[in-house]
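Asker: Listed below are the residues making up each chain.
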Amino acid sequence: MQGFKAAVDGICNPPILFSLIFALFFVAFLWKRVHWIWTPKACILLLTAGLAFVGFGLTDPNFHAILTKPDNVPIVGMLFLVGFFSWLSMYLGLKNDRRTAANLPPVEKLESEIKILVWPDLVYTEMLCMILWSVLLIVWSIYLKAPIEEPANPAKTPNPSKAPWYFLGLQEMLVYYDPWIAGVLLPGLIIVGLMALPYIDPNKKGNGYFTFAERKWEILTFQFGFLVLWVMMIITGTFFRGPNQNFFGPFEHWDVHKLVPLSNINLSEVIWVRVFNVGLPQNWLVRESFGITLVLAYFLLVPMVLGRTLFKSFFEKMGMVRYQILVFLLLCMVSLPIKMYLRWLFNMHYVVAIPEYFFNI
Amino acid sequence: MPDDPKASAAPSPVPAPPAAGEGVTRRGFLSWIGVAWVSFSGALGVASLSTLRYFFPNVLFEPPQTFKAGFPDEYIAGQVDNRFKESFGVFMVRDAGVIYVLKAVCTHLGCTPNWLEAEFKFKCPCHGSGFYISGINFEGPAPRPLERYRVVLADDGQILVDKTRIYREEKGEWQDPESFIVA
Amino acid sequence: MAEAPKKSLFALLRESQVWNSIFRHGPPDNTRNRSLAVLTNVFLHLHPVKVRKSGLRLKYTWCAGGTTFFLFLVETVTGLLLMFYYRPTSEYAFSDILDLRSQVPLGIMREIHRWGAHAMVIAVWLHMLRVFMTGSYKPPREFNWNIGVLLLVLTLLLSFTGYLLPWDQLAMWAVTVGSNMARATPFLGNEGPGAALLKVGDISLVHAGDDARFALLAGRFVGSGALLRFYVLHCVGIPLVAAVLMAVHFWRVRKDGGISGPL
Amino acid sequence: MPAKNEEYARSLPLLNKVFAWSSLGLLAGTVWMVWDDYYRPWKRVQREFHALTAKKTETAIQQAEQAVDQNALKQIQEDLKAAQAQADQRKREHDALREKLDRADVLVFTTDTHYKNTKSIYDATRFEYEELSHQNSARAAEQQEKLRKVESLLAEYKLANEKALATQAELKKQEEAILGAEKVLEKKRADLFAGVERLQKKLAAVEPQGFLMKSFEVMRNAPLVDFMAPSLKIQQVVPNGQNKDINFLTIPRVDRCQTCHLGTDQTGYENDPQPFTTHPRQELFLAGKSPHPVDKMGCTICHRGLDRATDFFDAAHWPDSSEQQAKWTKTYDWAPKAHESSPMLPKRFVEASCLACHSGVVHISGAAKWNKGRDLVERVGCYGCHKMRGFEGLRKAGPPLTRLIWKTSPDWAAKWVENPVAFRPATWMPRFFGLANNSSPEEVARTREEIRGIVAYLFEKPEPGGFPRLPGKGDPGKGEKLITSVGCLGCHAIARLEKTPPTLRRRFGPNLDGIGSKAKPEWIYAWVKEPKNYFPETRMPNLRLTDQEALDITAYLTTLKAPEGWEPGEAAPNPPLLDRLVEQQLRARMTAEEVQAKMASFSEHDKEVYLGQRMITRYGCFGCHLIRGFETTPPIGTELSEEGSKEVDRFDFGYVKIPETRHDWITQKLENPRIFDQGKVKTSDEKLKMPLFNFTPEEREMVVTVVLSFVKEKPPLSSTYLLDARHKALEAGRRLVQEHNCQGCHLLEGEGQEIRATIARKMVEEEGIGEEDADSRAVAFSPPFITGEGARVRSDWLFHFLKGPTPIRPWLAARMPTFGFTDEEADTLLRYFTALSESPFPFETPPPQPFPPGEMAAAKTLTSKDYFNCFSCHQQGAKKPEGDPSGWAPDLALANSRLRPDWIVDWIKDPQKLYPGTKMPTFFDPASFDTSGPDDVLGGDENLQIKALRDYLLTLGSARMGS
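Chains as they are written, first to last, in our numbering: chain A, 1 to 361; chain B, 1 to 183; chain C, 1 to 263; chain D, 1 to 963.
Next up, chain A with everything else stripped away, as it sits in the complex (with noise of 0.2 Å):
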């Protein structure tokens, strides 16, 4: 057991477990070998598996304490069903699939011309859904108390300090970038990303059934930024970030000594005193000139690029405005796995490190 814990506990450090998260995200949506896990089978085998893990760590006194917090709990709950819900649509889209396959319609083809009165069929469903809600709220606020800890004190800062969880990806972000990017920039693309959705997306495929074969490129960026940029980051933020923000394994103690190496270095410094060993710029746009080409060229230049190689075909039937909206956003969701991995591997701080004026990319 303690070896089991020692590497999952090994596992969960930010590279590894995100790399990891990143593989499975991508084989188990784009390797047709593994797509049996979308079967019910495979379903309730995974469901047991992650409830034998839940059962397995609530044995552990620190994996306890974190997934019976109070307000941890829902996040546990929110874990199954997002899990769950993904696999339905992605069970009912394949299904979709291979019924598009054999040239026949969509299950819910099938059914969608059928009109059937509301009265009582939809209410009577309504009511039963609140009445099974009300006693689910009701059972859990009886086995559950809401928390309530000391009195407001602004002289004493907790370790760790967190946002209410589900903002703990935009904290988790914060580790990779300043609080303009992690918490203004980034939230607000979200939502313009979303809401601009419609407006970009040129498929007209898939509207009002499940499918994946049709919309892959959609589903894989939707569920991309869903699920491994916005879920698992709050798994990370509320599982494993314990005091000082540091990273814990969920079977590890959080040990407010704990110490990891802080050797982070901007691009800036890299170039100039690395590389030209000269002393960095006075001038903050002559310090920064590298990054800065490097930013706009991310932005400027790979569109251009994209649009005549990878995404021509999108370049073709969307026009240069919805074009390059979608573009920068992909970019922007990008850019995110793309400075973790900076940071990983080469210890990057900033890229751009203007903190005169507080801009720091």
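Rather than coming from a laboratory, the hints here were simulated on the basis of the structure.
None of the values given here were measured: they were computed from a predicted structure.
Cβ atoms here follow ideal geometry from the backbone N, Cα and C, with glycine treated the same way.
Be aware that a few hints might be false.
Sample of chain D residues at the chain A side, in silico, Cβ under 10 Å [claimed, not checked]:
1. D102
2. R103
3. D105
4. F109
5. T118
6. I121
7. D123
8. A124
9. T125
10. R126
11. E128
We have chain A; now place chains B, C and D onto it with these hints.
Answerer: Chains B, C and D alone, transformed into the frame defined by chain A:
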């Protein structure tokens, strides 16, 4: 409502004004509605702006987070000054040509360290963490250096300490020009 | 007299003037009355008279949107009741919460409110996931998807503003951490990029006393001003906007062709 | 729908026009609203203040510029030029150095980064190692190895970094050698202008210079954007703990006064008009180091008014005079603010706020008006009728009336009661009759009948006894001399002898005018011999007069007659009126039948006595006088303990047109106590009955200040002035000092010795010297200053002295009287004196004996005729000095038992310092102390000489008392 596209193009049933004045009326119509909308949106704009202004109170009831700490020449170079340790929880340090303000809270478990003049170091009485005069930790369990507060010179030449901003060495923030003053 | 006892009490009730003044149609056992049951009820007429059979399937809808709305109602009712015992001042807020647990009759309302809030956040995400996975944001429902996105944001804000109200360490510091980000808003936050440029002589125009975070908290840090501000936003401001948007959302569901389905 | 939808009911152009006009109206209204909200009077005031400050600063800049040392500046500039030229010469050298320095900087940076990175790796590795070894993991050893490696690497980097730093420092030093001189000179030049620069900065802050900054100044205070960086701001203090009572809640006080009163805590605005004037007495108020710092006390705690207001009217300012009121009405549209429970105190009453925090004391240092007011209140005995907190347990203010017949006659009493001032203009006895509501002819008739009754009651059934005949005859001339010299004038005034109105302390005892017409000689004789025989609680002490002295004084006092035209005598009886009045009184208590029966049983005299008893009850005479049958009757007046908080609408202003404020009402009440009956229909029993006190307008103001200081609000304990043991002793002592009017004769705590003026006056009259001369000479012939008594005399001696005084200063005619202090009282006074001078109590250490050899001999030399000749003035036991007793000085034989050793040293060193005006010569000139003493004694060491003198004095006379 199925609008007949032709209907809007049809002439108005209200008696047409005299032909001679038609051009004038049309212009008048445009300018009246123009004035109307401009002033209406102007009024809404002013009202919204003043509503926005409403959210910034004119006075605050917060305990002061900034305080004036006297003139730079009141501090002796190479010494840690304890005068605001009790009242504001800070050490004022003048060393190596700069003045900086250290938060008197140990980064280990939050006790208040003491400055030991003889040993020239901060020592936390709780668990023995030690810090150099710069605030950097060198012994004991403290995981990080002491934190510094924002410090600037006020208009009257006094030192102004601002406790709302914290600078942490491990984040490289001690390079920030407002984390110290040159003296 | 002989026949009368055979009539069930319910049937008698149905024939009464009172009943008929409220329900203007016969028992909903035929198409006409089933339609009328929905059409003539102000609450039920959010629904169309008929829906696609595919849209009825739980497998298809997950009932996530409905659940979200139901949880919104739960939050409204429990929240309203909690307001009777809660005073949003730094002197009383914390002890009022303690009293909810220790002496207020049915103080469990607070638990229902809190867990309902968490559930609502999850439900709204699942609703979004479902709508995305079925491609239901596609024309003609683009606008309604946008309303939905706004409602998602409002749900998070509702939850965030409510998080502060217990006025304990958890609340204060979660909101401190959460609102610290507003400090970094470009040009509008005192630690945001560009704020340092907004300076005339020695005088900063954007500082801790006038930036975006200050407007949110009514102070430089989370204090009694923030508590009151969050309380008003939580209880009145955001719910009001959310209710309006929800009305638009539901209206547009019907106007855009009901629950989505394959074309 | 049919296609007729293009029909409009109204004309669209018209609607557009209406829309346009109404929108314009809306816009105008909105803009107006914003402006109205924006434009506040205090902003104008702040601008004025900025202009004022700018003007002052400009002057200061001019002065500072003129103060710059032009020669020094010239020198520096020349030196600077030379230094620059030198640096230019070495430019090439410097450039090369700069290049090296750049490289060194890089090296420092890289080595430092390496070191820091390695340090953090080291810390993390160490943590992991600790964890592993704690878990007894097999990997611990491996980790330890790793740790060791990192450690050695760390040492390496540290070394490299140190090296790089050393190189950098060396190079910097070299650079300094080239540029240093220039830098130093530039710093010098900057220092020269530092003052000017700071003032210029200040000026720029209050009055921006240049078009850009000027327009920015307008912008930053513009409507809607004035939240960002306004220069006009509301200034407020939230004094911690100074909460405000609002009905049943306490809420924080938020004082915004300094929004307009901007100069209050800054010096330099003393002569500027309000609202900018600097607050007076900064050492006591507002300054950070004063006992009342503004950030802890705020303003309204003392001044009252609406703390949160930012507007002249809202703040409830209150004018101090009618001129001010007229001015305010003109400038600020001032009008009395309605619905304000706590308007500002007019400046003249502001001391009324002190008591709330300084509660339970009789003396508040710095509050002169209040202190005097309190003395007055106690003296006139307001507490006799009005219950007041802090005045409990005091004896009645007037003499007992239980054995009046021993002292005077009914005729005198009747006339006196009717109008005491007519007999004795300066009396404390207030007037009840012939006032606003009882001076019509019918009223006079009625009140005369009432007086008859009162006198009848007072002389009814006197206590048996009386005083024996005088044992001899006295000489009025000698009596006058005694009275003016023995100390009577410390407490009593006699109009005949006064040139100016006597001070309050000299009015402590009754004014003696007319005493010969009032009191029987037997009574006077017995009284001055031992006052306590007639009035056990009297404050009048025993002066230990011999029989002859008493006779002389009696003879003199009997010559003091009533003013001319004043004749004693009762009004003629008026039986029908008496009957009516008695019936009226009885009728209020019984049925008509019972009244008849009662009247029938009454004799004429009984009726008078009955009416007298009723009237004493009504007028409350027993509040100040002990009257038989009224020993325990509670006082009749309104309780004043919270009068300062009484709501204004609870005062009955009647038909009197005065401003409706507390202070105006109380002032009016004191000035004309019956005036509020004006225009009202009242029965004789319903009429107001407060008597008229004989106050001057200033005294009235003092009393009003005291009454206003009785407030309900209790400040929190944290801001209450808590008495420590020393202050408690002082407080108790001060009460006794006041009760016995010590300051009538002695100077104590900087006040009193009012008898000195009478002594000086006598000197002027008898010796014909100038008034100023007389005053300074009188110091030595007046009862001593006793502020430092605690440091001067030994506690045991003082205790015995207080109980039974013995003469110390033979040249003094005034005698320390025997007050008849109890042990507790004497002890209280002892504690008071030692607390006052912060001397040890009750024990002191005597100087160690035996004394060094030769000391006694030296001391004797010093006291001898050739040196200080001490015994030419000082008595030494039975050995009297030569010459007139007026030149004598205290008996040195008493020094041992009486004086504290340390005090003797201080006294010999500089007597004038301890006792300005003393006759004692200064032998050691403090200005040149080291050379002041004789050179041939004790090696010319002044300190040793003084010590020798002290030690010698302590050997004189008998052994210590009590040891």
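Asker: Indicate, hint by hint, whether the structure satisfies it.
Answerer: Status of the hints after comparison with the structure:
1. D102: holds, 5 Å
2. R103: holds, 8 Å
3. D105: holds, 5 Å
4. F109: holds, 6 Å
5. T118: Since the shortest Cβ distance to chain A is 8 Å, the answer is holds.
6. I121: holds, 4 Å
7. D123: Constraint on D/D123 satisfied, holds at 5 Å.
8. A124: Result: holds, 4 Å to nearest chain A Cβ.
9. T125: Check passed: Cβ of D/T125 comes within 8 Å of chain A, closer than 10 Å.
10. R126: holds, 8 Å
11. E128: holds, 9 Å
Consistency note: the structure conflicts with none of the earlier hints.
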